[in-house]
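Chain B: place on chain A using the hints.
Take a look at the letters that make up each chain.
2 protein chains.
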Amino acid sequence: MNAPLNHTDPLVLFMPSGKRGRFPKGTTVLDAARELGVYVESVCGGRATCGRCQVIVQEGSFAKHKIVSSNDHISAKGAKEERYERIRGLADGRRLSCSSTIEGDLVIDVPQDTVINAQVVRKAALDRVIERSPALQLCYVEVDQPDMHKPLGDLDRLKVMLEKDWGWQDLLVSQHLLPQTQSILRKGQWGVTAAIHRDLESSRPSIIALWPGLHNEAYGIACDIGSTTIAMHLVSLLSGRVVATSGTSNPQIRFGEDLMSRVSYVMMNPEGRQAMTTAVREAINGLVSKVCAEGGVSADDILDAVFVGNPIMHHLFLGIDPTELGQAPFALAVSGAVHTWGSELGLKINHGARVYVLPCIAGHVGADAAAATLSEGPHRQDRMMLLVDVGTNAEIVLGNRERVVAASSPTGPAFEGAEISSGQRAAPGAIERVRIDPETLEPRFRIIGSEKWSDEEGFAEESSALGVTGICGSAIIEVVAEMYLAGIISEDGVVDGSLATRSPRILQSGRTWSYLLHDGKQRITVTQNDVRAIQLAKSALYAGIKLLMEKLGVQRVDTIRFAGAFGSFIDPKYAMVLGLIPDCDLKEVSAVGNAAGQGALMALLNRDYRREIEDTVRRIEKIETALEPHFQQLFIDAMALPNKVDAFPELARSVTLPARKTSPDEPGTSDGAPRRRSREERAARRSRS
Amino acid sequence: MNAPLNHTDPLVLFMPSGKRGRFPKGTTVLDAARELGVYVESVCGGRATCGRCQVIVQEGSFAKHKIVSSNDHISAKGAKEERYERIRGLADGRRLSCSSTIEGDLVIDVPQDTVINAQVVRKAALDRVIERSPALQLCYVEVDQPDMHKPLGDLDRLKVMLEKDWGWQDLLVSQHLLPQTQSILRKGQWGVTAAIHRDLESSRPSIIALWPGLHNEAYGIACDIGSTTIAMHLVSLLSGRVVATSGTSNPQIRFGEDLMSRVSYVMMNPEGRQAMTTAVREAINGLVSKVCAEGGVSADDILDAVFVGNPIMHHLFLGIDPTELGQAPFALAVSGAVHTWGSELGLKINHGARVYVLPCIAGHVGADAAAATLSEGPHRQDRMMLLVDVGTNAEIVLGNRERVVAASSPTGPAFEGAEISSGQRAAPGAIERVRIDPETLEPRFRIIGSEKWSDEEGFAEESSALGVTGICGSAIIEVVAEMYLAGIISEDGVVDGSLATRSPRILQSGRTWSYLLHDGKQRITVTQNDVRAIQLAKSALYAGIKLLMEKLGVQRVDTIRFAGAFGSFIDPKYAMVLGLIPDCDLKEVSAVGNAAGQGALMALLNRDYRREIEDTVRRIEKIETALEPHFQQLFIDAMALPNKVDAFPELARSVTLPARKTSPDEPGTSDGAPRRRSREERAARRSRS
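Protein chains in written order, with the numbering used here: chain A, 1 to 689; chain B, 690 to 1378.
Just so you know, these hints were derived from the structure itself, not from any lab. No residue lacks a Cβ here, since even glycine has one placed at the ideal position from N, Cα and C. Hints are supplied without guarantee of correctness; some may be wrong.
Derived contacts from chain B toward chain A, CB cut-off under 8 angstroms, selection only [claimed, not checked]:
1) D845
2) Q864
3) P868
4) A1020
5) E1313
A few chain B positions that, by computed beta-carbon distances, are all more than 12 angstroms from chain A [to be verified]:
6) R709
7) I819
8) G856
9) S953
10) S1024
11) C1049
12) P1117
13) M1238
14) R1307
Derived lysine-lysine pairs resembling DSSO-like cross-links, with alpha carbons at most 30 angstroms apart [stated by the list, open to error]:
15) A:K622 <-> B:K876
16) A:K150 <-> B:K1240
17) B:K766 <-> B:K839
18) A:K551 <-> B:K839
19) B:K1037 <-> A:K348
20) B:K1262 <-> B:K1240
21) B:K839 <-> A:K546
22) A:K573 <-> A:K587
23) A:K150 <-> B:K1235
24) A:K622 <-> B:K853
25) A:K187 <-> A:K348
26) B:K714 <-> B:K853
27) B:K853 <-> B:K769
28) A:K622 <-> B:K839
Chain A extracted, bound-state conformation (with noise of 0.2 angstroms):
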């Protein structure tokens, strides 16, 4: 590459990439790849063994920016990539890089294998490209054999093979492979693989592995560890092609239902840190072993991990007490991001495969939110993004290029159903679209397992099976929103009994009312109380985006991103119906599924990406809603309902909205309606989310 290039050299381009650049005649497509930065794996060292550099050859010209059909362009195959192809084959149009060389002008398709998996991702993110740069490399290398008259050490001479083929200089080595050394040497006759690992280009490359011979395999796992569920990647470090998606439930689940009775479980039981570590990594040793029969892939394969997960999912994944983050001030033990190694965690992975956890933004602000901000990257854009994730507490991000702030709102478990009458998990069975006709007030739905209505013919014989069990969470915002929508509540949110005599659905209970949404083998009702629960979380959501907002002087955003399982399964329209988001044209609010999951990916796959977001979450300005005096007044102006059906009109149908009511027990009387909450009474709500 040293030789002086001219403006006859041959002129290479690399797609996707677009990078382009003159190369000298006999140049390898592999070296000209390499000297542009673009990513193309090699684990032979241009032995022409492990195929893993193969790239998609289109001849070109670019004299008149058209390619046109030349043979000459490309070195014809040699004996090494000949004898490649009739072993191991090689489709059409594909050559090895190492053992090809340019000869005219080229273009180059690195072929782009990642491809993440729909369930879990947007479909529109099956078209993203995550470009490689893994923090681990795999290097083959032939070491000379013992020398008396220069008796350097078995390793020692391994790792002068490795400076000399690999360019690695000043390497570390793994403490348990000091005993593995000699007999993995011999027995791969001096030839072995070295997984050489480098989280960052500062830090200094480890060899955390080594096989015999040529070792072509080498996978990562991408993990987002949820409250509720746990969801991993496992993915081709060498190609990037995700091999296996799965989740489980996460087993903390009983030791208590929440993350706040997770804490006093800690702080009750001397051994409760312990147990709840213990639980969640053996569930992650599960989910291990579950992606890797999935995929038909070793677990000694995995070499490398990205972990991320809501700050206290973190600590006690990391073996620490996450006591500190149930009470003010809410101190993380450690915030920045932590590199350990699997083996430290008990991981049954590789034993000296890596460990990378995202940093967490704050206190409730975990590095699932960093994960997700990785994932959809306000900060990449001028656009300005708000970010949401909804769970017991929503965590929110907003912002663009310039300034991107973070704060988390205490919105309770109702958008997960839990504080709500009728509510249940997603389940066959469970309610998950309702519509109501504002004439009749007579509802019609669907349940998970039937694609049918419920007033459409053959729906009684499909739920007869699966009965009608309840509201699953993510609809509860749609039956709110439709009961406002048809006049069964009021902006203000109280449910109207004086309809009780123009419907037999509107039933008394107490003092308030209640709307009966199926009356089969179990009686689904939304109570007066279901309302003023999703009224509170609602309320504190848009509070939060609005002091966001105003942090940032913005009066509107430019784009929506809905992060996690319940924005997967919301209605964005209905969502802005009863104003858990701010105004937003409808086109740019769209649910992002496992954001964080995503990004954490997108961190193994590429270890730019780690400083990236390392750099993020130190720019993202924290706002601590509970230090926010402004936070109060937000939240109480967020307790109405909007009139939202203008912005609508396929929602408005032929209702007449009803009158805002304005009878003296309203709002603040003991039927539940909102109030104005104390300062302790949010950290004690808080406590309980």
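This is chain B only, laid out in the frame that chain A set:
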């Protein structure tokens, strides 16, 4: 320090380093020391609480290069320093360098407390000062309390403070500290002491331990793992003082007396390697308990450890199978320095303690030889130094500043008394000194446990209690040399049977003759085979030395250092009489005791020595005697006993040395005389050693 310096600024001279510089008035003595690179410990960071930065102040005037009395060259004691003096005391003339400022010319003595135990190191070393620069530093900091407005983790705020107060950037943190950090910070009410470890300037510093409040103790161990004996120093890393020194026998002896029988044990027993690794680690833990008890130190305060040992001990300690070292090409698994953790090696010291193992030079020249080289420093001087460590193999290092060569020579265990008919370990009753009257051929001797010679009055009484039980290893040299000087053996090493007519001490046994040294409860004789064994051992040693001298093209050496127990007990005169070592001014021949342990200590107290020995080991030219065709000739040439009597007139007495015998049965007959050994035989011999 950035203030412009001028020649009117006070001049400060630090002793014993002799470093000097001008500093503006008001500069603290500690800052001045640091500026000049003078090592002054400080834990509390200038709070005048740890007392580690004490110096002895002599006020000075450099105008006439002599110190004049004056009280105004250093600031008066401030409130903090007075408080320290009141509570902890300050010896006369001592000041806390963090709290005293330069106000005029000063001579500052930095106390150097390193005292090497006289038992293990020659007296001459007692006045050797190891300039300190340990890899470990204790740093007290006061950490900001958690702030919800800046939700940085506790550990992250600790790092911020360690950077602000102490300049540590980019700190790593030992994984095991993550779960402890929060409680330690709270227990210390946000004042904590961190142990920062940084092996080499190029490596990233790590927080390896953390205590609430001011922690003012940090210790290290330096350990030499010998095949027979394990020796350990316990040292304060803050003062440099050797707190305790102890030794224990290597429990691996139960698996095999010598190194090669231990390798055989590993080869024959599947669990053998693990058993021997466990044995040596347990012995080391036992020694740790012992030195800690002796020094009144908690093992949890041991934060750094340096180990040396021969290649087989080195491998077994690290858990590496030594089988490859038992056969050509004697491949080391790792020759470079090993940096690891005490916890990885099962050591019962602080969980975060680091371990440094010096590099090995070659398959038979271990980290012990490297440490001895570091201690004696042939590579640091202009004169040609020969360094010999005689064990079952002799490790030989020869060289000076320009070039250093090293080899191992298969002396076998004769020098240790193992192949000698009346040989025994050094214990009460063992003969340790011998003189033979050349006229009468009568011996006189001394035994361990008695100050009297055997011909002195009262010896009978003393010896009757002890018994006269054998000849200790180091006395073998003296007996054979005296026999030679008395004419009992010829230059060829044959016991002269014709002398039987002159003395009843010349006894026939089969075809050869023996010398009766003592006729008590046990008959102690020196047989022809004993003489042959010593001849073989000494020729192997001499041939190895000669080979290295030839490599360097030198005719004589300037100084000879015997390392190890053997060297400590033999009389260099007799070594020269028998031709173990080349000609050298006797004044320049000395025993240096456990030079390996001393080298380990240096690497413990000053990390610059780690770099020094790593560089030196890389630079050393390794000579494998088995591959040198010339070695065999040198070996044969060295077999005869030289005529050294002229060189030692005091030994010559009145004897006429016997004429060189030339009977046809000498050399090479079946009476045990040496003959040319085949390469195979030598390899087999080495296998036994």
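### Task
Check each numbered hint from earlier against the structure, then list the numbers of those it violates in ascending order.
10, 11, 14 and 17
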